[in-house]
Each structure stands twice: as C-alpha cells, then as structure tokens.
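If you read the protein sequences in the order shown, they are chains A and B. For what it's worth, numbering that gives the first Met the number 0 labels the leading residue of the first sequence as 0, then goes sequentially. For what it's worth, numbering that gives the first Met the number 0 labels the leading residue of the second sequence as 0, then goes sequentially.
None of these hints come from the bench; they were simulated from the model. Ideal Cβ positions, reconstructed from N, Cα and C, are used throughout, including at glycine. Incorrect hints may have been included.
Only part of the chain B face toward chain A is listed, based on derived beta-carbon distances under 8 angstroms [claimed, not checked]:
#, residue
1, Pro65
2, Pro68
3, Asn149
4, Ala152
5, Gly153
6, Glu156
7, Asp233
8, Asn236
9, Gln238
10, Asn239
11, Glu252
12, Ala255
13, Ala256
14, Val261
15, Thr262
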Amino acid sequence: MAPGFTGRFVSPNVPPQPGSRRSGRRKGLIVETSTSPKAAPSFFERNHLLLRRLHSLSGIVPIGVFLIAHLTTNSSLAWGKFGLRGQYPELGVQEGGVAYFQKEVTWISTQIPHLLLIEITLWGAILFHSVLGFMYARTGRSNTSSYGYGANWRYRLQRVSGYIGILFIFYHVATLRWGWTFLVPGGTKWDHHFSASTLASALRGGDNFTAAGVVVSAFYLIGITLLVFHFANGLWTAAITWGLTITAQAQRRWVYVCFALGAGLMAMGWSALIAAVMLNPAQARQVELKMQSKAGEAAAAITAPAASAKAGDPNRPSGQE
Amino acid sequence: MTTAPSAANRAPAQTGRSILVRVLRCDGPGKPSRWEEFKVPVEKSANVISVLQYIAANPVTAQGQPTTPVVWDSGCLEEVCGACTMVINGKVRQSCSCLIDEYAPREGDVMTLEPMSKFPVIRDLWVDRSRMFHNLKRVKAWVPIDGTHNLGAGPREAPGNQEQRYVMSTCMACGCCLEACPQFTLEGDEKKWDEAFLGAHAINQARLFNAHETGKALARERLDQLAGPGGVNDCGNAQNCVKVCPKKIPLTESIAAMGRAVTVHGIKRFFGL
Ligand code: SF4
Ligand code: SF4
Ligand code: FES
C-alpha cells in the first residue's frame, strides 16, 4: 500500500497515481504518514474470508438445520396426538403429545448412530459461531437512536439475540443434557425415558409451579424467541453476504421467505414451550410408564425374557419429586 | 425540534422569525467539545450555510457572550461536492441543501449542528475525511491507463453497462454512508486504516471500476482487498448507508454484488485458479 494521502480530501474522480506527488505528504494538515513496518498478519487476518464465511455457514449448517429439527420434535408435545395415527386412541391431546414426544425422544436416543459425535459437532459449531460472532459484533457500534430504520434495528437485535441466545443455549444444554441439576429449580434431572414429565418439572421448578420455575419458563420464552429471530434474520443477511440476493427487490422477496420461516419456527417453539409448561408432570409420567410397560411387553413377546429388563426402569423416574 | 423534514411538515414557515441554533464546537484536534447556542434571524429560503454565515458575521452566543466564528467546510453549495456534510438534528446530510424552513419553521425552533463523528474534527463542524480517500486507494478505485506509450482506444462499453455504472459514479465521497454505518467507527490511528472497515462508498467504487472495461484489469486486486480484513465481509447489513446516501446510490446492491464476487473469487483462490 502506498503511503497514505495526508492532505484534505480532494476528489475521488481524480485517480491518485501511485508514487506520484499527490500520494505524498502535505504540509500543514493533520495526519502524518507513517512508514513504520507492519506487524505480520495474524491468523485471523490471513484467514479472514474463510473464517467469515464459515461463521455464516455454520449458522445454517449445522446449527440452523438442527434448530428446525429440534423445534419440530419439541413442538410434537403440542401436536403429537395427531401424529400418533390411531395408536393409543384412549389418550387426550395433551397425553397424546406426551406419547408422541416420548416416541421421538426414544428414537433419537436409541436409533441415531454416533449420537455423541453429532452432539459434539454441534456444540463445536455453536462455540465457533458464538466466539467469532462475539468478536465480529465488537467491531460495530449500534446507532438505532439516530437512525431508527427497520434494518438497523434488526442489525442491533441480531447482536443482542446472539449474546442472550448463547447464555440460553448454555443453560438449556447444561441443565437438560449435561445434568447440571444445581441450576434447575427443584433439581429435576432430565431423563430420556421420562422426557416430557422431567422437562415439565424442570420448567415449572417442580411438579407444581414455583416462582423460580416461572423465571426459568420466561427465560425459555425469551431465549427461543431471540434464537428463532437470530436464525431467520441471519438467513436473510447470509443471502447478501454470499451474494445470492443482490437487487433490492430480491432482498425484499427473501425477507418474506425468511419471515415466513421465522414465523413458522416461532409458532413451533412457542407451542412446544407452552405445551411443556402446561403439562402436569405426574400425569405425563403415567403416560410414559404405560408406554414403557407396553414396550416391555412387546419386547418380551418377541425376544427372550431378558429383553424386558432392558426396556427401561418402569418403577420410578430418576427425577426428584 | 424536528429530526427530518417531511411533506406534512411543509406548512408555510413564519416570516421574520428567529431560531436557536445549537452548535457542537471544538477548537482543534484532540480538544474538548462544547455546545454553543446562537439566535439567528431567518430570511426566506435560508439554509444551514447562510445561517452559519450569519453566525460568522455575528459571533455572539444567544447568552450575549462574544465567541469565535464557527468554522465549517463547503464548496459547491449545490449538493455535489459533499464538503459541507454534517450531522443536523441528529442525522447526517449536506448542510448546503438543508433548508431552515423545513427544519425550523416557527419562531424559537431549535436546530442542532454537529460535525460528523466518524472522522477526526479539524475544527468545529469541519472534519478530516482523508480516510475515505485512503480507502478508495485500498480498492484501487481508478482506471489504470498510465504507461510510457500510447495505449490506443479503450474497449467499447455497452450502453447497458454504462447506464448501470452511471449512478454508482455519482458518489461525491461525502461520508454520509459512513457516518450512519454502525460498522464504520472513528479510527484516529492511521496505521489501523488498512485493516479497518472500508465502508459502503469504497465497496461501491470497487464495483464501479470492476464493471468498467478498462478498470477490470485491477479486478483481482480489488477483490483481494474486499475479501480481507475490513472488506465487504465486515458489513453488518444494517443498510443505513443506502437510506442516507444523498445520491440514492444502491449501496446495498453494490455490497451484495461484491459479496458474490468475493465468494467466487474466494472459491477460485482456494482451488488456485
Ligand atoms: S456513497 Fe453516497 S453517501 Fe456514500 S460517500 Fe458516496 S454519495 Fe456520499
Ligand atoms: S449495510 Fe453495511 S455498509 Fe451499509 S450501513 Fe450497514 S453495515 Fe454499513
Ligand atoms: S457544499 Fe458541496 S455538497 Fe454542500
């Protein structure tokens, strides 16, 4: 790079000739040219484009894809009754949701190969996305008070939702996956054999609502809302970053698509949360126990009696009541 | 105080009124800033420049204290040079085209004038926009035609291409897009300019010259610069730039177009093409 032009601004239409007088030092005006040698570019500088684009990509694959799958599964607490297709006809809407959700959870925790590997990939991607996102967010300064345009508000919200969203994800995974029960009011440990009932009591702060449980549920509402926004808005900006939407019309059309996707995910996230919070854990446990004894019978009928012992521990959930 | 004129705001302004002008003053680089107020009688069709001229001729604050004349910068007085850009009632714009009748139509209305915050202040409302020029050099915003011999006629330009480039070429480097950009921040240390965000105007100029049949010769170098630190990836898509650009340049389209070019460039570079 030629030494910086140090005078007042002239005009962009007059091309500066590298090495000519005009790129030299001007007298009497503020900034002086520095010719001190530059430090070697850092890892982040050398791989700037790659890291930026991986940051963008990781938000969609795997994180965004997982978010869609996760909210679909969880919202089955609300619509699961209609997904049972005549199985367990005696169950009501709420109980049917529990049964379907339990089936899904059992499938995920027993049928998906290399589940831990998938989880570690996901955690790694989230860590990568949030650390880089935090670094990038530090380079900007929001100015919605002066320029209160819609897109500028979304810019600001994108950063705020990232900060709060990562705290939520950490709490969510630590409590329900890693079993950090000291962070759960009531100390419920989530158990994949009792997926709905232990989830409900972790959200409520026990079998019945407690004040701390209301706080946890409210945090979930905020966390889910912000993260869905973050994904939908991130999808919108990713199309600009990668250069898929160029014209203003294309960007507007893509807003509609992202908005529709975000609204759909929001509906799923909220319905999952509402369904989980409204659930009576004791009642849900009955459904789960019933399913386990049925599964146990079925297994016993098909294979050797030893299989029935493997069908889970039907006596009590590991959650504390 | 109105923040921006709107059609509804265009009620006939009072004649023979005086307004209060609050100016954020600064005696020189690195010196502290302070607010001063001036009571200014407004003539018909007055603009911010004529108000500043009045203050220069009558450097007495509204409280009756004599003070130094307020310094500002201007050139064309018809919104084509960009020199007079400042922050008026909290939003950046050219002051020469800013009519008092729209902003302060009533007796005693208040207007605030501040220098742009993303550039070092030289004095009062006058800022040093050298970094804009520096950034144009980073993206080599010119057509390379220098040489020792006659290069002959340039390649033909398709009219459609010319038309598309025209609006991009109307940039006057005023700095509005940078002042409003949350990703473009004041950087007093010139050594850091090469890694700091280029800003919408330089990204747009890179697109302009990459679309030029002769300017294309430097396309790769421009894309290298845009792919690196401070390049197009540092844009956060707040899209304020396009809202405040007085020349209505489709800056966000330029940013997206350069995003696409950098994507392709990066893939090619990865495979060593
Ligand atoms: S792009 Fe528009 S706002 Fe930015 S410097 Fe050029 S004319 Fe000014
Ligand atoms: S779109 Fe990019 S360049 Fe324009 S104001 Fe937003 S962050 Fe700045
Ligand atoms: S003086 Fe040239 S734009 Fe205002």
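Run through the hints listed earlier and report the numbers of any the structure violates, in increasing order.
Numbers 1, 2, 3, 4, 5 and 6 - these are the hints that the structure violates, sorted from lowest upward.
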